Every structure is written in C-alpha cells, then in structure tokens.
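Listed below, chain by chain, are the residues.
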Amino acid sequence: MTGSPNGAMLEAVNVSKRFGGVVANSGISLFVQPGEIVGLIGPNGSGKTTLFNSIVGFHPVDAGTIRFAGREISRLRVPEIARLGLLRTFQQTRVYGRMSGLENMRISIPHKRETLATMLSRFPPEVDEKAERLLEFVGLYEKRHLAAGDLSFGQQKLLEFAMALMNEPKMLLLDEPTAGINPTLINGLIDRLRRANADLGITLLVIEHNMRVIMNLAERIYCLAHGELLAEGAPEDLRTDQRVIDAYLGAH
Amino acid sequence: MRPNARTFAGYAALAVAGLLGPLVLPAYTTQFAFLWVMVVFSLTWDVLGGQMGYNSFGNVVYFGIGMYVCAIVQVAPFTDLAEYTSAYGTQDIGLSHLQYYAGLAAGCLVAAVVAVAVAFVLGSGILGLRGHYFAICTLGLGIAAGEIAAGIDIIGAGSGMVTPLYPGEIDARNRFFYYLCFALAVVTFFTLRRLYAGRFGLAINAIRDDEDKAEAMGIHTTRYKTVAWCIAAFFLAISGGLVGNMVGFIDPTDVAFSAATFGVWMVLMAILGGKGTIWGPVLGAVIFHVTQELFWTYLLGWQRVALGLSIVLIVIFFPQGIVGWLRERFPERFGPRVEAASEQAGEPAR
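For the record, the sequence lines run as chains A and B. If you use the numbering used here, the first sequence corresponds to residues 221 to 472, in order. If you use the numbering used here, the second sequence corresponds to residues 457 to 806, in order.
By construction, these hints were calculated from the structure, which means they are not laboratory data. Every clue listed holds true.
Simulated restraints on C-beta separations:
hint, chain 1, residue 1, chain 2, residue 2, range
1, A, Y361, B, W758, 54 to 60 Å
2, A, E349, B, P533, 50 to 56 Å
3, A, S372, B, G607, 57 to 63 Å
Okay, derived cross-link-like pairs now, SDA-like style, lysine to any residue, Cα gap no bigger than 20 Å in a straight line:
hint, chain 1, residue 1, chain 2, residue 2
4, A, K350, A, K390
5, A, K332, A, I293
6, A, K332, B, D668
7, A, K350, A, A418
8, A, K332, A, R342
9, A, K332, B, R679
10, A, K350, B, A653
11, A, K332, A, K350
12, A, K390, A, F357
13, A, K390, A, F272
14, A, K350, A, E388
15, A, K390, A, L296
16, A, K363, B, E788
17, A, K350, B, G654
18, A, K332, B, H676
19, A, K363, A, D348
20, A, K390, A, L304
21, A, K363, B, R783
22, A, K332, A, G290
23, A, K363, A, L405
24, A, K350, A, P330
25, A, K332, B, T678
26, A, K363, A, G408
27, A, K363, A, R353
28, A, K390, A, R291
29, A, K363, B, F790
30, A, K332, A, R297
31, A, K332, B, T682
32, A, K350, A, R415
33, A, K390, A, G305
34, A, K332, B, E667
35, A, K332, B, G654
36, A, K363, A, R318
37, A, K390, A, R287
38, A, K390, A, R412
39, A, K350, A, T338
The structure presented is a predicted model; accordingly, all values stated were derived computationally and were not measured. From the three backbone atoms N, C-alpha and C, an ideal C-beta is built for every residue, glycine too.
Start from the sequences and build out the full structure, keeping to the hints where you can.
What follows is the structure, encoded as structure tokens:
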C-alpha cells in the first residue's frame, strides 16, 4: 500500500468514529492527490457516508486527523470547510425545493468573503450567465424556472451537481451520484464528472455502488468493510481482490 | 408585458388609495394609519416567518422597544425623565413644532438603532435554535419583555408612559401620522422587495428550504439569519415610535409588548395573505384589519369570538394563504411559471 505523499489534496489519517457502541469508522487512512478521481466502495453500512460526514465536518471525529489542501480541518464546521473549497453532495439528494432551478444555482455562488454589503447586494449578470451555462451542461436549462422540488429525483441529482460546480470547489465528495438515475443517463453523467475533473480541475472522491461506473471513472479505489479499510488499489486490482469479493458477497 | 402591467396597476391603485384615503374619508384617518402599521407588521414578520421559515412570536419586542426608546428620546432632552413619568402625563413639556418634529425624527432613528442592536444580540443567541424551539423561545421573549418594561420605574413601570403632545390640532396630527405610517409601509415594501430579489432573499429562502444544505454549500447561515431579524427589527422599531405617538399612551403589556394582540396578529396576517410572498402579507394585513374594524363595529362583545373563528377558517381553507391559494387555483395568472414561459418565448432561440 502506498504511503500518503506530500501535497495531497485530502488526507485522512487514522480516522475513527463511533456512535454509541457502533464503530462506524475505525482507523481509516486515505489520501487523494490534486486532480485525481478516487472511488470509495464497500457494502451497505460499511461506513462510507460516515467517513464523508467526518471529512466535511458534519460531526466531530473521535480520533485521527483530516487535512485538506495542507490545512487541518477536523475541528472546523461544515460551512467553514465548504468555503475552503471542499464540498459534498448528498446521497438523498438535497436541493432548495421551493426555489426554481435558476435560483438554486444563483445562491450556490461561492460565499468566501461575505460582508453586509455583499449580503444585501444583487446578483451580477455574470452569475446568471454562469448558472445558465452550467444548467445547460447538466441538461436542465429548459427546466430552469421550475421549482426544484418538482423535478424528478434524477434531475434533482443533476441540479445538485450543477450547484456544486457553481460553488467553484477545489474538491467534490459525491455520495452515490448515479443512484436513482436512469441507466441511459448514467453514461452522460460519467462523462460530465470526467469533464468537471479535466476541464475545471476539480478533484473527485466518489462513493458508488455501481461497479461498472466506478471501475470506469476512478483511477484508484478504496474499499471499506465493517468500518475498516479493506483494500486499496487500481480498479482492475480490486476487481480480482478476493477480500473485496468476499465483502460484497457477505463472507465477512 | 402582462405581469408588469398588472404589477404597475397594483402599485398605482395602492398609491392613489394611500394618498387620497384620509382626504376622502377623514373620519377614518387613524384607522387607515393603523392599516399601514399592520402592513409593516406582516411584511416584517414574513421576513423570518415566510421567507426564512423561522416562526417568530417575539417580533413585537422590537415594536415595543421602538415605542419606548422613541418616547424617551422625545422627552428626555426637555425635562427630567423620572419626574415626567411619575407625573403620569400631567406635566406638559410644551414642545414647539421644531422641537417636536426633530424629537420624533431623532426618536425613530435612535429607536431603530437600538432595536437593531437588540436583534443582533438576541439573534446571535437564539437563531441557532430551529423549528418549534425557536418559536417557543420567541414567544417567551415577547411576554418577558412586557414584564420587564413594567418593572422599570424611569419609564413609568406598570402605569406606562405618556408621549409628548403634538403641537397642533387633532386633525392635523392624525393626518401627519397617517402619512408617516403610509411612507413607512411603502419604504418597507420596496426595501424588502429589493432585498428578496438579491442575494439576501435567496439565502434566507435556501435556509427555509434546507438549512443543512445551505450550510453544506458554505452559506453564512447565522449571519444571514441575524441580519434578517435586524431588518425586521429596524422597521418594527420605527412603527413602534409612530404608534406610541399616535396612541399617546404607552402601556407596557397592552400597547408596547402586546404579544397576545399585535404579536399574534403579525403571524395571522402574513399567513392569511400568503407567507413567503411579497404581496401576501400586504393583502393579509388589509383584509385582516378591515374585518377587525368591522367586527369591532358590528359584533361588539363577540369580536374575539369572530377573530378566533376567522383564524380557524383561515387555517382550514387557506393554509397557503390567499396568494398561495390563487397561485394554486389560477397558475396561469398568478403562478411564477407564467413569467418563465413568456420570458422563454421572448428569448431568441438558442
């Protein structure tokens, strides 16, 4: 297993998190290099989403350190981490349901420096242009005036992805981006994730259950089982790793 | 464009009614003035309750603070405040026109500043609470504020405080305050409309729709929430200053910090008209105030029963408020999608 190199975009060392008697994450270490696309797989309940929550500051970790772009973030709160450029999307899609798609996009601008003057300001036309460009990118331009809550689940996922891009993050944590999406749209989504990575330079850490998707997308994959890091490696290595196969088939 | 024409017609009708109302029906000048105060009440309540999804029952605190602070600023430069309040209004400080107007202006300004400061401190403390916890906490605030004011001797304690006499005749006084209230309602409306269209409006809408998501997107939620409350406090305090002078007497629990009347009405009017919209609170305030006055005139003795019944009917038949109901019932005329469709049609093909 490779040690974590200097200059990693995201680096978690020995992260542990327990809820009462349940050990959700136990001594997990992983790193993501700038510009990489890394996958995070594992059976249901293996602690993937808990790890995401720990990384973005949703709950404090019990042990371990998390560094993002060279900065210790395990004591920071969710909005502060988001403003550093580390953003997550949700497994159960979250958009602002009563606002239109365009409004969802507008308010997703970066909020790095917020003064009273900027809080009470109007949106400059560039914001709308960018919002419409990104809505076109995910194929929701025609639906931009509909309430986000009236969009289908898959469309909400796409909107949430576009909102994340609007925020200009350095790195995105995507929690099952293809779950609930029409299979014919999945290829388009993979393509868009790749383009976000290649064209916008956004580092990606992706939780995914669809093996075809993650094997195609990721350069490296971490596999969790029972809250522990089970294996790490290139997609083709993990595909044939007996431990991973056992974990998915329930041998553990 | 049709939506623009409709909006313009609405503004024009309101402006004419607002400007000519007290001239056409001079006997109702004070009632009309209170109508605009009610509009300010429901518009400012809707900032948190409708646009941000935080039901506050404590906004009346800022109204009361404004009322007291304004009165103190009006009186204190000209006489000893403790002596003045202990005389229960028998001491006439005989202000000249200039002294009166300057005092009122300074009073409203200081009132607004003090209320914003209080909102800032309170908001930083309790806007971390969500949902029902916030609502209950603010309910406590409204009640506590009245009791506290009733215990402070220098502002008259439980016997209240009398505001300075207007240096002129009664009709002129009523008209003067009418136009001030009208102007305040107009300024409040356009300020909020402008803010809702910008970053502030979308940020508090985002907090309403999903506060966790808003945090995950890096929005300074606490800052926006506090500013929202400060904005409501600003306009409420000025309305308090004006109402104190219109009524002429500040009772701590029945006029200034009246959680059971003004405090509840604010909520009711916004819900009746349609919370989370800009016109809803205005419409709700007008309908509520007119029916209130009719109840008092024609159902005296039963006015509270009628009010209670109307609350029940509102909640059952107009849970989304009148504007919300109109949008659902006539989406092609009132729904937000109308503008979207026409805008799309007007655009060059992409």
